[in-house]
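2 protein chains.
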Amino acid sequence: MRLYDSLESGNCYKVRLLLAQLSRPYQLIEINTDRGESRTPEFLAKNPNGRVPLLETDDGVFLAESNAILWYLAEATELIPTSAIGRAQVLQWMLFEQYSHEPYVAVARYIMRHLADNHPRRAELPERRKQGLAAFSVMETHLQSRRFFVDETYSVADIALYAYSHVADQGGFDLAAFPAVRHWLERVASQPNYIAITDKPG
Amino acid sequence: MRLYDSLESGNCYKVRLLLAQLSRPYQLIEINTDRGESRTPEFLAKNPNGRVPLLETDDGVFLAESNAILWYLAEATELIPTSAIGRAQVLQWMLFEQYSHEPYVAVARYIMRHLADNHPRRAELPERRKQGLAAFSVMETHLQSRRFFVDETYSVADIALYAYSHVADQGGFDLAAFPAVRHWLERVASQPNYIAITDKPG
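As given, the protein sequences belong to chains U and L, one line each in that order.
With our numbering applied, the first sequence covers 1 to 202.
With our numbering applied, the second sequence covers 1 to 202.
Pulled out of the complex, with its shape left as it was, chain U reads as follows (with noise of 0.2 Å):
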């Protein structure tokens, strides 16, 4: 298996944090996605979306989008539910995240630390705090009676929330107004095989 990665992403580091998880070897390959390495007619051939993460099984099948790779590589683990309601409710938050998380929360992160101070886009950040702090809160309800997403039990819906909840405050978000959310991410951090978003594989 190859994964086409990107060190800086959060969607990338659920695929990394997973693999690591589940003690699954692979070869990675980096991605520099500012200098456009991610948008080449070679990388376009692989994912027409030009987005890492990028799965290549070891049938040479490409394989994009970071909950749909957690999916593929989680399935038939103990990381996905058996039940089907279990499982929808996984894919629930994981949909969850890409659309009401990650744009708001990843992006403004990505403001932060890719973008000039003088950058126009930095206009964006008041909204983009605004609805990250939205998702926080419903979060923070769910999480209020519950060790973990779904089933009380570890799953890829933990890993694809964790991935950019965990370093928020590097897009200026506070997280102390969400004491259930914190305490969630220190039961995730505390898992087996855990490693950060900045350690290289292998």
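The reader is advised that the hints may include incorrect statements.
All copies of an identical chain are treated as equivalent in the list; a pair is satisfied when it fits inside any one copy or across any two copies.
With a straight-line cut-off of 25 Å between C-alpha atoms, the simulated SDA-like cross-links for lysine to any residue are [claimed, not checked]:
1. Lys200 x Ser38
2. Lys130 x His119
3. Lys130 x Val107
4. Lys46 x Ala123
5. Lys130 x His142
6. Lys130 x Asn47
7. Lys46 x Arg147
8. Lys46 x Ala134
9. Lys130 x Pro103
Honestly, the hints are just simulated from the structure, not real lab data.
Just so it is clear, the structure is predicted and the values come from calculations on it, not from any experiment.
Once you've looked at the hints, dock chain L against the given chain U.
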């Protein structure tokens, strides 16, 4: 089963279309999102993220996110592949839909249909259209050599992408440059038990 629904919403239409095609009976509860009915304390107790569609299962469990609802209803039917890679590819396209397609194609349609001609959010339209066209371009590339999105078979990935694609003109999109997408739209509309977005069930 109960479906909390808005007839205006393509996300809700996905679920109504699937339920019609599976011939599953259900109770429809109309939620007027323009009047804030998805943000009342009563509704937020059912879905803290305040969105429709929302499915209430026969067991009284609330399931949010249109594509998670599709997965729940279609798992173990022929509308989801049996192979691990096929299933992951269906999820890939559903996540593409929510991240790279819906925020542009659906939101442009919303702005055009629901906001006054002088509303400040009309300023978003050029960027929404640019990103929406990029999504259609990715779909066109994929469909040039395929009849459906995954495994040459109609699946919930097609339903997810059809919902807002087939009314993209209402958001100001011209699909003339995307013939493969237009032929695929016709193939979806000719599936057994197809219903239109404006058809009330029952």
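Status of each hint after checking the structure:
For the identical chains of this complex, Lys200 and Ser38 are intra-copy neighbours only, at 20 Å inside a copy versus 44 Å across copies, given an alpha-carbon limit of 25 Å. Taking the closest pair of Cα atoms, Lys130 and His119 come within 25 Å of each other both inside a single copy (20 Å) and across two copies (21 Å). In this assembly of identical chains, Lys130 and Val107 lie within 25 Å of each other by CA distance both inside one copy and across copies; the values are 13 Å within and 19 Å between. Within a single copy, Lys46 and Ala123 get their C-alpha atoms no closer than 34 Å, and across copies no closer than 34 Å, so neither meets the 25 Å cut-off.
In the homo-oligomer, the alpha carbons of Lys130 and His142 lie at most 25 Å apart inside one protomer (19 Å), although the nearest pairing across protomers, at 36 Å, exceeds that limit. Taking CA atoms no more than 25 Å apart as the test, Lys130 paired with Asn47 passes between copies only; the shortest distance there is 19 Å, against 32 Å inside one copy. For the homomeric pair Lys46 and Arg147, the shortest alpha-carbon distance between copies (20 Å) is at most 25 Å, but the shortest distance inside one copy (38 Å) is not. Only between protomers do Lys46 and Ala134 lie at most 25 Å apart by alpha-carbon distance; the minimum there is 17 Å, versus 35 Å within a single protomer.
In this assembly of identical chains, Lys130 and Pro103 lie within 25 Å of each other by CA distance both inside one copy and across copies; the values are 12 Å within and 17 Å between.
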